[in-house]
Amino acid sequence: MATAAERLANLRSSMSDERRYDPQEIEPRWQQVWADERTWEVSNDPAEAHGAPKSYVLEMLPYPSGEPHIGHLKCYAVGDAIAHFHRRLGHRVLHPMGYDAFGLPAENHAIKTGVHPRDSTAASIASFQRQFRAWGISIDWSRELGTHEPRYYRWTQWIFLQLLQAGLAYRKEAAVKWCPNDQTVLANEQVVDGHCERCGAEVEVRQLEQWFLRITDYAERLLSDLGDIDWPEHVKTMQRNWIGRSEGAEVTFRCVELGVDYPVFTTRPDTLFGATFFVMAPEHPDLLRLAQGTPYEQQVKDYINHALTESSEERGSLEQTKTGVPLGRTVTNPVNGEQIPMYVADYVLMEYGTGAIMAVPGHDERDHAFARAYELPIRRVIEGASEPAPPDFDAGKHGESWERSEQSLPYTGDGQLVNSHADFDGMHNREALSAIVQWLDREAKGHASVNYRLRDWLVSRQRYWGCPIPIVYCGDCGMVPVPQEDLPVELPDIEDYAPRGRSPLAAAEDWVNTKCPACGGDARRETDTMDTFVDSSWYYLRYCDAGNDQAAWDPTALHEWMPVDQYIGGVEHAILHLMYARFFTKALADLGHLDFQEPFRALFTQGMVTKDGAKMSKSKGNVVSPASIVERSGADTARCYILFVGPPDQDADWSDDGVEGVHRFLGRLWRLAVETAERAEVPAASDEADLELSRKAHWAIDKVSTDMRRFAFNTAIAAVMELLNECSRLRDQAAVSTQRFALSTAASLLFPFAPHVCADVYDILTGERVWEQPWPQAEPAMLEREVYELVCQVNGKLRDRVQAPADASPEELKELCLTAPNVQAHLDGKEIVKEIVVPGKLVNLVVR
RNA sequence: GCCCGGGUGGCGGAAUCGGUAUACGCAAUCGACUUAAAAUCGAUGGCCCGAGAGGGCUUGUGGGUUCAAGUCCCACCCCGGGCACCA
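Under this note's numbering, the first residue of the first sequence is numbered 28, with each subsequent residue one higher.
Keep in mind the hints are simulated off the structure, nothing from the lab. Careful: at least some of the hints might be erroneous.
Unchecked claim - Here are the simulated lysine-lysine pairs, DSS-like style, with alpha carbons at most 25 Å apart:
1. K328 <-> K349
2. K841 <-> K857
3. K204 <-> K349
Said to hold, decoys possible - Derived Cβ-Cβ restraints for the label pairs, each shown as a range:
4. G227 <-> L485: 18 to 28 Å
5. E517 <-> G227: 55 to 65 Å
6. R157 <-> L485: 28 to 38 Å
Just so it is clear, CB atoms sit at the ideal spot from N, CA and C, and this is done for glycine as well.
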């Protein structure tokens, strides 16, 4: 590499009259330096840290499909800026990269084009690698991984077996979405309006044996530990809603005829006296037994069959009128001994609570709608103090008694209990709630209980392109885990990976037929693969010790780096990925493999990039390719623009004109640096201008430093623009040395956003490497001024501005304000009734 | 329906703790350089009135608190996102 002086000499001879900012020349040159010297690699050896604090900066790993898009550029531009900033603050930064390479899109693409997913994935990964290098992202490439590589998924399988051993993985029959045309199970995302995304056939529901992970065991901790992490509030709220904790009671209703107890979960035990019927979900296993021998037996069978084949979209529709069928049986309401009729209805969900509910039509909208449809009794048991009158209420006719009218039901608010029991009537419902639960507890008819919306995680996929589940089925031994030393169970390299009936792997006879690890007899492999979200639930751990082929990780390596200090990614992962990763961390910690509870200490979610206000999509033809921008304007321009256009956590609209503006700015910086580097040392023509430029540089250091910490990259870049504008304005008045200082400071501050041109500018001006310099420090003295502009207001309106000494007393400031010419004009004989003096800012005179 | 974001010039946006609204950039207009254009450099710029000095108005709408409100409070309108028969 030529020295700065040699390069300047070259520039002089090659472009005698004009220097052009040429990112195509600058960017590869610096990328080469960083690649040759492996600048961004970091070791796990704490001895090499020299006491520097660690910082793990991580962007969500990309799903390699096709070319990187503009959203990737934004994500990695944000992450790289933070990584660079932390390095310059003296931290040891881990900033790795990998690929979430298994999954349905690659497989569907493969089925469509006939290219094997292995090949299309490899091509896409190569394209991501090229782009990441071209963007100049500071990645530790020594830790690169792909979740589809056996050396990675060997440990995914190991984790699965750990969970199995701990009882956190289990098999259960479950209803899955089935496309009768493609003969395959579909993921929920592949079902669009009840139809197969690919062929359009109507989707059916099938009962199949599936693998689940017991995330529900962790519901409470996943909820409560949200308090310990620095995540955006809206993401935490989404997770809270998804976990959906409800407090209430479990209450037992007995079917005397059959002698069976049916517990229900309710959040409103205070309305128990208003329960006038009882409803079970169509999937409830006892329905046929209950209906047997009653006049409703056939109706119940028909209803169940119909309900189970209906798609969840149809069933879930709120508009749909409530349907159901009586079971011909009754249960006893435990609080008053009433016999209430039992129904089956599809508005009750089997997966929540106990799959059965007590129906209180007076105080629940759904139960009310059902009661109206089937003419069931509706009883008021709570009276609100300020219930709104029904729209058709006529005060003259009914007096004050409308509250008791059935017209105003259902009422879901708070109030006093009525029509319940002498012990509870008149009580406020909140008090009655706990009183009734205590009573139930004493009578052994119920108890306080908590329910969650969160369901266990269905992880099996009947698909080819995924991590095989390391299980073998033996005729004699049953289900046998593959021993750890036999891992990985490699995904066989089959040609016919199109799904037919069961998993495509079932057709790979050589692979499926195996020996039982326990008894050595004939056995068959599990043919389902794992959901891709399993692969990405632990990759951040593997980066810490990516080369380890003896274990998933060495605990000391994790101890060194985890948890991730700053995680960056799109909000679209607010629930699934971020919940699964938290679950894995907690489960692995419980199994003694980790010594921390939360994987991501801080989270930043970046906004979408749109074009003309719309999401970019191939069908709209409004896709902006990062590669073409980088080719035309350079990576520095592309990265800076995407951060300058607006706050990075908000959506941003792409504008080609805006890109031009940023490109001009970088060009101005570079040209002014080259010109200044060539100038001989000249003292300041104006000491005042010289000081002003120095001050502006220190102001920019201060401004950019605070903006970096609050992810306000747009205003940080604006501050460097202001500094550069000042450099241009004062170029002939300030000393050349001050110019050099100001320009190299600009480059130093902008380096996290535009690393190539800033490395070049810094080198040209100083001969030093900017990434090896500590982050600049503003001198406090340079941030203070001896005079400032005092704002003079009369009655809160700005009337004048005067120069005020920084150390002036409030009295002096008031006097200064009074002498301001335009203030005088507005006082004009009026009486000053109040004076507000805010030193450093303004004086406000209130006159009458 | 419920829960989150957001609404500021022609446009993207700034205003960090209630204290100069419109930083920075784009687009625009004018000027310099040029035979010319591009590139570059310099200047102007919220709206209305005024020759100017200056004045009035302005942060989705309507109210309120305050010496002072884009910022706080109340009510409403619009846009975007998440969840949605979870008992």
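*Below or equal to 25 Å on CA atoms is what counts here, so check K841 against K857.*
Measuring from Cα to Cα gives roughly 16 Å; hence the hint holds.
*Would the pair K328 and K349 pass a check requiring their Cα atoms to be no farther apart than 25 Å?*
18 Å, holds
_Tell me if the beta carbons of R157 and L485 are separated by a distance inside 28 to 38 Å._
37 Å, holds
*Is it true that the C-beta distance of G227 to L485 lies inside 18 to 28 Å, as the hint says?*
Taking Cβ atoms as reference, G227 and L485 lie about 24 Å apart, which means the hint holds.
*Lying within 55 to 65 Å: is that true of the beta-carbon distance E517 to G227?*
35 Å, violated
_Hint check: K204 vs K349, CA-CA at most 25 Å. Holds or violated?_
24 Å, holds
Consistency note: the structure conflicts with earlier hint 5 alone.
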